Amino acid sequence: MNVALMKTKAEQALTEAFEASAAKLPGSAAVKARRAEAIGAFGSLGLPHRRIEEWKYTDLRGNLKDVLPPAIHDETPLTIAELIVALGPLAHVDAHRIAFVNGHHRAEFDDLRDAAGLEVTTLGKTLSSAPTNVADALTKSDANGAIAALNAAFMTDGAIVRVADKATLAKPLVVVFVRAGSAKQTVTVRNFVSIGDAATATIIEAHVVLPGSAIESQSNALTEVSVGKGATLHHAKVAVDDGKCLHLADWDVVLGADATYRGFQFSSGLGLARNEINVRYAGERGKLDLSGAYMARAHEHVDTTLIVDHAVPNCESRELFKGVLDDHGRGVFQGKIIVRPDAQKTDGKQMAQALMLSEDAEFDSKPELEIFADDVVCGHGTTSAELDPDLLFYCRSRGIPEAEARALMIESFIGEAIDKVENPELHTALMAFAVNWLSNAARG
Amino acid sequence: MLEIKNLHVKLEDEDRVILKGLSLTVPKGEVHAIMGPNGSGKSTLAYVLAGRAGYEVTDGDILWNGESILEMQPDERAAKGVFLAFQYPMEIPGVAGLTFLRTAMNAVRKKRGEAELTTPAFMKIVKEKGEKLNIDVNMLKRPVNVGFSGGEKKRSEILQMALLEPTLCVLDETDSGLDIDALRVVAEGVNALRDKDRAFLVITHYQRLLNYIVPDKVHVLADGRIQKTGGKELALELEKSGYADFTGKAA
Numbered sequence: 260m261n262v263a264l265m266k267t268k269a270e271q272a273l274t275e276a277f278e279a280s281a282a283k284l285p286g287s288a289a290v291k292a293r294r295a296e297a298i299g300a301f302g303s304l305g306l307p308h309r310r311i312e313e314w315k316y317t318d319l320r321g322n323l324k325d326v327l328p329p330a331i332h333d334e335t336p337l338t339i340a341e342l343i344v345a346l347g348p349l350a351h352v353d354a355h356r357i358a359f360v361n362g363h364h365r366a367e368f369d370d371l372r373d374a375a376g377l378e379v380t381t382l383g384k385t386l387s388s389a390p391t392n393v394a395d396a397l398t399k400s401d402a403n404g405a406i407a408a409l410n411a412a413f414m415t416d417g418a419i420v421r422v423a424d425k426a427t428l429a430k431p432l433v434v435v436f437v438r439a440g441s442a443k444q445t446v447t448v449r450n451f452v453s454i455g456d457a458a459t460a461t462i463i464e465a466h467v468v469l470p471g472s473a474i475e476s477q478s479n480a481l482t483e484v485s486v487g488k489g490a491t492l493h494h495a496k497v498a499v500d501d502g503k504c505l506h507l508a509d510w511d512v513v514l515g516a517d518a519t520y521r522g523f524q525f526s527s528g529l530g531l532a533r534n535e536i537n538v539r540y541a542g543e544r545g546k547l548d549l550s551g552a553y554m555a556r557a558h559e560h561v562d563t564t565l566i567v568d569h570a571v572p573n574c575e576s577r578e579l580f581k582g583v584l585d586d587h588g589r590g591v592f593q594g595k596i597i598v599r600p601d602a603q604k605t606d607g608k609q610m611a612q613a614l615m616l617s618e619d620a621e622f623d624s625k626p627e628l629e630i631f632a633d634d635v636v637c638g639h640g641t642t643s644a645e646l647d648p649d650l651l652f653y654c655r656s657r658g659i660p661e662a663e664a665r666a667l668m669i670e671s672f673i674g675e676a677i678d679k680v681e682n683p684e685l686h687t688a689l690m691a692f693a694v695n696w697l698s699n700a701a702r703g
Numbered sequence: 024m025l026e027i028k029n030l031h032v033k034l035e036d037e038d039r040v041i042l043k044g045l046s047l048t049v050p051k052g053e054v055h056a057i058m059g060p061n062g063s064g065k066s067t068l069a070y071v072l073a074g075r076a077g078y079e080v081t082d083g084d085i086l087w088n089g090e091s092i093l094e095m096q097p098d099e100r101a102a103k104g105v106f107l108a109f110q111y112p113m114e115i116p117g118v119a120g121l122t123f124l125r126t127a128m129n130a131v132r133k134k135r136g137e138a139e140l141t142t143p144a145f146m147k148i149v150k151e152k153g154e155k156l157n158i159d160v161n162m163l164k165r166p167v168n169v170g171f172s173g174g175e176k177k178r179s180e181i182l183q184m185a186l187l188e189p190t191l192c193v194l195d196e197t198d199s200g201l202d203i204d205a206l207r208v209v210a211e212g213v214n215a216l217r218d219k220d221r222a223f224l225v226i227t228h229y230q231r232l233l234n235y236i237v238p239d240k241v242h243v244l245a246d247g248r249i250q251k252t253g254g255k256e257l258a259l260e261l262e263k264s265g266y267a268d269f270t271g272k273a274a
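Here the protein sequences line up with chains C and L, keeping their order. So in my numbering the end of the first sequence lands on 703, straight run, no missing numbers. So in my numbering the end of the second sequence lands on 274, straight run, no missing numbers.
Hints should not be assumed to be uniformly reliable.
[Said to hold, decoys possible] Heads up, simulated DSSO-like pairs for lysine-lysine below, C-alpha to C-alpha not over 30 Å straight-line:
| no. | chain 1 | residue 1 | chain 2 | residue 2 |
| --- | --- | --- | --- | --- |
| 1 | L | Lys133 | L | Lys103 |
| 2 | L | Lys164 | C | Lys546 |
| 3 | L | Lys164 | C | Lys608 |
| 4 | C | Lys430 | L | Lys164 |
| 5 | L | Lys155 | L | Lys219 |
Bear in mind the hints are in silico, worked out from the structure with no lab data behind them. In this text, all values refer to a predicted model and were calculated from it rather than measured experimentally.
Input sequences plus hints: build the corresponding full structure.
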């Protein structure tokens, strides 16, 4: 008897979309072979669903009804002025830039002048000429599973970033993925970030939309990161959309000895989002600080799923994720910390908090500590709360009207997470995104 | 002029009656102290004046400059000049002090029909008034009251008061948790604001504060009513004899 689940319409559509577009997707013969394997793997895995523990709260199989066609090539007209509009507050961050429109590199928007120590190429070009070993490296991922398989099958482009050993980048690099045009489509991208030993860099991955574009969209974005020995990477992802997009994102991070990784993710206006972050310590004394802020209203759903793997001793991890949930907005937090038997002196702390602005909002939080070593300090906490009436009164007693006081309180709540961002311009931009989200509510 | 007339207040969610016919008048330009034992209703009076939710006024009225404020929201009262310096000033993580002050000042100015402040004008006023209270602008770049000592929090309350330019200042146990040096700075800040157009209601458990902020009148609040009114010497008497006379009467 066949016990496999019956394929859903979406699963069938994905396989068919691959068959229809495989010949047109970029890549050498070796890459094409890997893509075919990936879609095969997806075929047997299917879309993740709620009976898979890691997807318990985000039933992609149930939620994904219609698959949008892949954005195989792109000629959407876009001006630099429009790109700036799409970037919104992020446009004020003084940074180098590499830009992608609907998942395809647009060299005219790049700004990589005077970027000593920084080398940026594109995945699209690399795929086209990749011999077997490169094809393997580009399609393989630490994150196995259906979403990564889909990413390997459909990826069109992305940034390949290398920061030289000992280099300290003077400016951040913004990798911008802008969605534009009226076509409803799926954008699939993959980035590789490699920070050399003792180097320091700030990299901002932005997923933004040009106002007036198709409301519906789907994206699958995977970023592989390796941070060299003693290096420091400040890494941020900003995903801001119009409320109807499906955003599947994954960061896979490997930290070298004595490396510091500070990751931050901001999400707002995402219809259904799955932000996965996997971090593995490859050397001792690694330091990790992961944090994020997300805002959801209407029926938006934002899932943050972390796996932090303390594979070696003497490493530190900190996580702080805060969500603001209005209407039927739903936040999901899953934080798994694995402390392997040898990983003594591990120091891990995790906190997930939600601010509930509506009785219909939902927050599901699942911390998971899997500790196999005995000399460790690990803790986690979760809170969900409404706006503090005492704090509201305090603000109003200073003359601040109720709506403004509420907005200030929400900023205060979310600001505590955004405060983790050290780049002041990025910090300002993120606060502006949060305020924009709030003022959209005021417009009703 | 503040006129509190036969004020009866109970807790909204409980049957407990806290103020039982409190009457009090504070003319402009005067500083009145309210002293009383714990549980006498001092903080309730402060909160009811500022318009905090959770209290029900079952009888009586509060008039400020002849106008009842009972139906007004807390922010409307603030615009009318009412200011409460909290016993426990709240911390607002994630909101910079300067942002908070500017939001509050502009909200109040807007309601008072005044123009919003430009950034340079705002910074100038904050610097000027902050200096008098030993509050450096850098301190105000940090989130409101977060990580502040007890003294810093109280000074930041008085700075807010100085910036919002209220005409009725209610100080709820402003001396609690202050050492003598902090107390002096806070009192100087308050005294600097004494003005013929401004009324003060200073609520305190101890006489100590009144050495620094010398009141025109002292009222003893016990069991939800003003039990006795006198001059500043009444505070000294209370310091000696305690509140036993009044609580005894109350029981």
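query: Of the numbered hints stated previously, which ones are contradicted by the structure, given in increasing order?
result: Going through the list in order, the structure violates no hint and respects every one.
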